[in-house]
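Peer 1: Line order of the protein sequences matches chains G, H, W and U.
Numbering-wise, the working numbering comes out as the position in the first sequence, counting from 1, plus 2.
Numbering-wise, the working numbering comes out as the position in the second sequence, counting from 1, plus 2.
Numbering-wise, the working numbering comes out as the position in the third sequence, counting from 1, plus 2.
Numbering-wise, the working numbering comes out as the position in the fourth sequence, counting from 1, plus 2.
Everything labelled a hint here was simulated from the structure, so no lab data went into it.
Do not rely on the hints blindly, as some may be mistaken.
You can't tell identical chains apart in this list, so a pair holds if it fits in one copy or across any two.
Under the rule of at most 16 Å between Cα atoms (straight-line distance), these lysine to aspartate or glutamate pairs were calculated in the EDC-like manner [unchecked claim]: (1) Lys333 to Asp66; (2) Lys234 to Asp303; (3) Lys127 to Glu35; (4) Lys126 to Glu87; (5) Lys189 to Glu273; (6) Lys189 to Glu274.
4 protein chains.
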Amino acid sequence: MGQTFLRLLAHHPWFQVAAVAASDRSLGRNYGETLSGQGGNQIDSRILDLDLVEPNPKTVGDVDIVFSALPADVAGPIEENFAREGFAVFSNASSHRMDPNVPLMNPEVNAEHTKLIEQQRRVKKWDGCLVANPNCTTAILTLSLKPLQDKFGLERVIVSSMQSVSGAGYPGVSSLDIMQNVIPFIKGEEEKVQRETNKILGTMDQPARIAVSASCHRVPTINGHLEAVFVKSESRMGPDEAIDAMRNFGSAPQELKLPTAPDHPIIVRQEEDRPQTRLDVDQGRGMTVTTGRVRYDDALDGLKYIVLGNNLVRGGAGCSILNAELLLSEKLIR
Amino acid sequence: MGQTFLRLLAHHPWFQVAAVAASDRSLGRNYGETLSGQGGNQIDSRILDLDLVEPNPKTVGDVDIVFSALPADVAGPIEENFAREGFAVFSNASSHRMDPNVPLMNPEVNAEHTKLIEQQRRVKKWDGCLVANPNCTTAILTLSLKPLQDKFGLERVIVSSMQSVSGAGYPGVSSLDIMQNVIPFIKGEEEKVQRETNKILGTMDQPARIAVSASCHRVPTINGHLEAVFVKSESRMGPDEAIDAMRNFGSAPQELKLPTAPDHPIIVRQEEDRPQTRLDVDQGRGMTVTTGRVRYDDALDGLKYIVLGNNLVRGGAGCSILNAELLLSEKLIR
Amino acid sequence: MGQTFLRLLAHHPWFQVAAVAASDRSLGRNYGETLSGQGGNQIDSRILDLDLVEPNPKTVGDVDIVFSALPADVAGPIEENFAREGFAVFSNASSHRMDPNVPLMNPEVNAEHTKLIEQQRRVKKWDGCLVANPNCTTAILTLSLKPLQDKFGLERVIVSSMQSVSGAGYPGVSSLDIMQNVIPFIKGEEEKVQRETNKILGTMDQPARIAVSASCHRVPTINGHLEAVFVKSESRMGPDEAIDAMRNFGSAPQELKLPTAPDHPIIVRQEEDRPQTRLDVDQGRGMTVTTGRVRYDDALDGLKYIVLGNNLVRGGAGCSILNAELLLSEKLIR
Amino acid sequence: MGQTFLRLLAHHPWFQVAAVAASDRSLGRNYGETLSGQGGNQIDSRILDLDLVEPNPKTVGDVDIVFSALPADVAGPIEENFAREGFAVFSNASSHRMDPNVPLMNPEVNAEHTKLIEQQRRVKKWDGCLVANPNCTTAILTLSLKPLQDKFGLERVIVSSMQSVSGAGYPGVSSLDIMQNVIPFIKGEEEKVQRETNKILGTMDQPARIAVSASCHRVPTINGHLEAVFVKSESRMGPDEAIDAMRNFGSAPQELKLPTAPDHPIIVRQEEDRPQTRLDVDQGRGMTVTTGRVRYDDALDGLKYIVLGNNLVRGGAGCSILNAELLLSEKLIR
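Using the sequences provided together with the hints, build the complete structure.
Peer 2: In structure tokens form, the structure reads like this:
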């Protein structure tokens, strides 16, 4: 995830990478040296040459914005520390996602949650701020659900995910575990999807009350999470109306023409066998989710459809960066 | 599928392979010569040496039972022809599955449907008979559902499948289509699961009225279909009761100790990350399905669980052979 | 391969796709409709809308250059027909590669073979011309060998290839054949590598006399052929000299700044574990080959190294297009 | 590798697993609890219940034979310690393989090296003994070479390996590193193949003097190492003679009918596309290597062929156990 951040930030029009922080173990080496295996191929050489610094507000240097790809078990206090000391922190970790004073944002879905920042500063007495983005599966799911919620209301959502190995980081999943295999378990993932979906689709003050049930599975693909979604809406919706709602969807990031915002947050494919992980994962440079097979189902009295998204970009670093762009354009940070 | 039949029949205690029939194209060659690629490795050499014959009741020789792995587009009339001429036909094709006079049987689930045979002979005026087995995904699903239906009644079943490439036959799925990919579509599969599940779980005369919704997906595994199942039962069931019901399940094939019947039709794993396709696909020589992650879900007001089965054995040839054993032991055929 | 041609030609600065020809079966439909599975995603929509025409010089319309991705079993007479009728034909098929009057060209390696065109026209009495490009494995191999041949002379080359499934076309290799497998055989491939390498590395009139031995294997990768090469040179070469020769290599296509020519035909990696198929296949938009692990070996009294190339681009369509650019810039065609 | 030992020993007619030793970290837990991921499925439950003990001759209990799957960085002193204290140690580690007083044995290839044991005890003043088995790639290679060496003499051997991920242990290779990829580097492997081949194919006192050159590559397969071999022999050999020599090969383990010895150490396939990793890896319960495509090559003035073996069994635990059986049957240990 750290690598995806640095790839996306390398030529960003508004942001410049000033420092890369890491755990003690890597201090004193430059970033490029610490990359194992896959790393570095797509990262700017200027960034590879940066010396790694401590994740410490005192020593990190002339920095305004902190993007955090820290593991959840250490992210909590470090991120708070930066927020307290005046930095704008955008976090991929799960540590603060359910904190009622931390906006959990998927920018096209709940841009209005930025208003929580003011309350956050007041309650937490922070000079900076902290914004979380959702877990990858949730980011992809909620983007596809938002236009349906707006038009028809949502009563029940059942989702079965087929997630790629890049979602588990590096080295992450052993090849011996996943080749020719499906692992029907990803620790904590189902709970995250169920909780975070309601926070994102709710108001700033109140989570939504959608009955969400998730079953999460790891499949042998490299990048891209595909999800089978079964939806019961409050008012009746047909497939054509749902498709129209998805196709025409766009919100603040598109209106503000933010640099990382895709022109179309949702692409709907009409072929009977799309979206497919390998073919559609990079739509909108990874920021667009692709849906397809939107169909009515008697047994559900609702719709079922497929949604695919890039778990590293829309489901992670890209979402975080778009959040930062949004806050900057709303002058909530500088 | 034909190869799986021949592998399972090679050393069967009751049956002996007397002839292998195939399409015109292959006539006059022996079976082994027609096997491309993968074939033959596990098939008895005596069978490989058999000359291929026409699928014609007149010329097939001294045969009592016909196992059909014909493609659905040609199976219909050929299978009927054999049944009319006095052969006991056990078919994997979808052609006759929904015919109200043809039992659609997953032996542990609806052994009592064998009684349809008498009616079939009367109505169709056949000297022989025709028994169908379900599509692979349905065979695996219904076996796991049966103990729950018996104890708690079933109201709604939602299933999301992750199916291996062997389900599509040979050459079947191109490597370019499935490597690093999920294809969220298998032609006709969802309709089959929805229809066949109710026929199998119904009475001989009347399909069940369970709301079944399926979403079927191809993933890059070789053998084994894994399914995420979400169930709402009629009376309330907890995970422990469901697990007990599955664990203790067995029926006619076990009581009769039929040669192909597994000791335990359902194995329930307690580990948080099982069943897994590669690790569990061959349980009970492919005749056992393995479930796991049986858990209660508020959003469903029901249970969700994972079931895995061998699509070629329980989901195909093994199921067909077990049907033949059942009819033979009930003296419905000889 | 046809798709790779159309992807590369979609925005070519010199060429415009005027017609797409195909076998009878597809006539009357537009190109996009005939693409199965994977196709079309990266191809310009203007091209997808073209009606397919017959591969016939009379009816193909206002066309100067013909790129042929026909299968070898039909390519021969069709390509000759076009060449006779005045078209410049650039062929990927193996049909004419060993014809002494047809240049077999890997542009950076043997640009001077273009002089054969004059002789070809005289002998064959063709108004047009025909240029072949080598088989994919050979194209990648010979590009890496050329700087060594120039500096040190080549006595013996042993090559063991690990080839991806895209080299076999679509649908090509069945997933059941290649998942979790290595297939140590690709029909005709070893003979092609052995023959074509000497033709390309020879003079216009005379093949080289290098002892070439190939063993070709299919591995489960999507795109990119990786080759282990063992070389005995005529004069002694050390790894550093070999690396220098590769690094500094460039020839006519680079000097002429042809649109498809990569800045660096050969990139040499210094890491101990590179090149790797997935990481390096798209270097130079697929036109650059990447070498690595150049090391001396006592047992060979020579060097061994790894070379990786994009089998669809350098090993096929890109090579063909670069040949056309070369002939055009030399005014051998117009 | 430890797991493969325990799977093979679970029902061994001569040996019984009395203790499982492991690093400090796991002490006090039973073996089954320490198995991550894949483990345990095929291991006897009695063994899974054993408490892990220290790898210490004093505390290991009533044990005669020690099979060591320790990592090379710790194996050295621990194994020596056991040998000194009177245990018969059979080691998979590379630590002592090149020690001139330690037999490096692939039982069918150099059974006569057991005579080194006497010298070992004298020189090292050990009450027990230590026998090493070769690295996996070498075990497979040397078994296929031995009949050729016996009949024709060997001058030069070039080998290019395509090795599966199980060779790297667990968790071993990250899925992100190997999916859709070939990694042309395995640390230390080429040197091991080159050295160990000559020790095994030499006499007890003197390594052979074959020029061996290896290039080793990791491909995305689970189990089975496939090797392309190019051989120049001392006296001329044709493919048919080589095939005959391989087919008829057998030695002490077969004559003594040792329990782990396969009936046929080498199977030669005649199909043009065999052996294949997935199809042939379990021949002879993993103890047989399969060769194919034995063909003459002008450029080599020799033969090339393919050999495939099970890297965990023939290339590891099975080889070690067969060594123990051999020493026991020769009464060198008890």
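Peer 1: None of the hints should be skipped; say for each whether it holds.
Peer 2: Taking the hints in turn, this is what the structure says about them:
Proximity of Lys333 to Asp66 under the C-alpha cut-off of 16 Å is restricted to the intra-copy arrangement: shortest distance 13 Å within a copy versus 58 Å between copies. Taking identical chains as interchangeable, the C-alpha atoms of Lys234 and Asp303 lie at most 16 Å apart whether they share a chain (7 Å) or sit on different chains (15 Å). Taking the shortest alpha-carbon separations for Lys127 and Glu35, neither the intra-copy value of 38 Å nor the inter-copy value of 47 Å comes in at or below 16 Å. Taking the shortest alpha-carbon separations for Lys126 and Glu87, only the intra-copy value of 12 Å comes in at or below 16 Å, while the best inter-copy value is 66 Å.
With identical chains, the CA atoms of Lys189 and Glu273 are at most 16 Å apart between copies only, with a shortest distance of 12 Å across copies and 34 Å within one. Taking identical chains as interchangeable, the C-alpha atoms of Lys189 and Glu274 lie at most 16 Å apart only when they sit on different chains, with a minimum of 9 Å there against 32 Å within one chain.
In this structure, the one hint that does not hold is number 3.
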